[in-house]
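> Whole structure, please, built from the sequences with the hints as guidance.
Next come the chains, spelled out residue by residue.
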Amino acid sequence: MAKQLYYEDVEVGIDIPTLVKHPTTQQLVKWAGASGDYYQIHYDKDFAIATGLDGIIVHGRLKIAFLVQMLTDWIGDEGKVKKLACQHRGMDLPAVDMKCKGKVTNKHVKDGEHCVECEIWTENPEGRKTAPGTATLVLPSRGK
Amino acid sequence: MSEASVMTDELRKQIGVAGEPLVVEMEKGMLRKFVDAIGDPNPLWSDEEYAKKTKYGGLTFPPGILAAIMMVGNRPPIEIPLPRGLDGGGEWEFFEPIRPGDTLTIECKIGDLVERQISMGKAIFIYHDTVWKNQKGQVVATSRTYGLKY
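Protein chains in written order, with my numbering: chain A, 1 to 144; chain B, 1 to 150.
Worth flagging that the hints you see were computed from the coordinates, not collected in a lab. As the structure is a computational prediction, the values presented were derived from the model and not from experiment. Errors might be hidden in some of the hints.
Unchecked claim - Dumping the calculated EDC-like pairs for lysine to aspartate or glutamate here, alpha-carbon to alpha-carbon at most 20 Å:
1. K99(A) / E126(A)
2. K3(A) / D47(B)
3. K82(A) / E91(B)
4. K55(B) / E11(A)
5. K55(B) / D77(A)
6. K99(A) / D15(A)
7. K3(A) / E49(B)
8. K53(B) / D73(A)
9. K109(B) / E79(B)
10. K33(B) / E126(A)
Said to hold, decoys possible - According to the in silico footprint, chain B covers these stretches of chain A (three or more CB under 8 Å from chain B):
11. 32-41
12. 79-92
Glycine residues also receive a C-beta, built at the ideal position from the N, C-alpha and C atoms.
Here is the structure:
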């Protein structure tokens, strides 16, 4: 799988490799079944419009799962996601590219753990950050 | 002229109220469906032979599983007289891996209720505090998440 990322490989300011997702309405149905979220705004267009939305929107929790994938793709099997925070600021429509992005904001050793803090977000095709957040990762160190 | 407040003393009394603990069995089929729904090809979650060679010694769930609605636990029922609802987001902290075969006990309580003015009018933000424990009694994760009714 992905090569292992070490604490020493990470510099403050670097970008996390972008993960591009393209959630189709079929994927939203799969997510509804897998996650137990059957709220109709995510698969019933008439219902979504009746609540005042432009159409079917992507589940917020699916965006979080996408952001987790972006992180786990990067940190390798020895890395760990320690903390994650995310706020749903904008709606995302299905069947368009959703970019999962991030940037390292801090790194420090705390209680023996080599921690990397990041800003993370999902970005729509217009460049708007629809689900901004933060993450704390724990990485292995070559120093050990 | 400001809109009337929708927060009531009765609602405020709900802060701290816990729902019934929810027991969820974490199964391989659930893991497979979850990973397929996200579209994550990482063998760590799906290739048992691969996963056995890692420090986990077997398959684990991606931490995002706890963001799934079925994993939030029993939210205490609360009547908020506002018609629409949206998920706001939240923060999670992960302590232990979750493996197929684990039994998680989920405890969820109302952490806070806050009235705010948003572009669509008055809204009540509902904060839920959740703790996930496994069958060994270990705290697997905690979270504070929020939604809003408006």
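> Are the hints correct? Go through all of them and say.
Taking the hints in turn, this is what the structure says about them:
The straight-line distance between the Cα atoms of K99(A) and E126(A) is roughly 11 Å, inside the 20 Å bound, and the hint therefore holds. At most 20 Å may separate the alpha-carbon atoms for a hinted pair to count; K3(A) and D47(B) meet this at roughly 17 Å. Taken as a hint, the K82(A) and E91(B) pair is honoured in the structure, with Cα atoms around 11 Å apart against an allowance of 20 Å. Taking the CA atoms of K55(B) and E11(A), the gap is about 26 Å. The hint is violated against a cut of 20 Å.
Restraint check for K55(B) and D77(A): satisfied, since their Cα atoms lie roughly 8 Å apart, inside the 20 Å limit. Pair hint K99(A) plus D15(A) holds up; C-alpha atoms about 13 Å apart against a cutoff of 20 Å. Of the pairs offered as hints, the one joining K3(A) and E49(B) holds, with about 18 Å between alpha carbons and a cut-off of 20 Å not exceeded. At roughly 18 Å between alpha-carbon atoms, K53(B) and D73(A) fall within 20 Å of each other, so this suggested pair holds.
Restraint check for K109(B) and E79(B): the C-alpha separation of about 15 Å stays at or below 20 Å, so the hint holds. A hinted pair counts as satisfied when its Cα atoms are at most 20 Å apart, and K33(B) with E126(A) does not qualify at roughly 31 Å. By the rule of at least three residues with a Cβ nearer than 8 Å to a Cβ of chain B, the coverage given for the region 32-41 of chain A holds, with 5 such residues. Proximity of the region 79-92 of chain A to chain B, defined as three or more residues with a beta carbon under 8 Å from a beta carbon of that chain, is established by the 9 residues found.
Checked against the numbered hints above, the structure breaks hints 4 and 10 and satisfies the rest.
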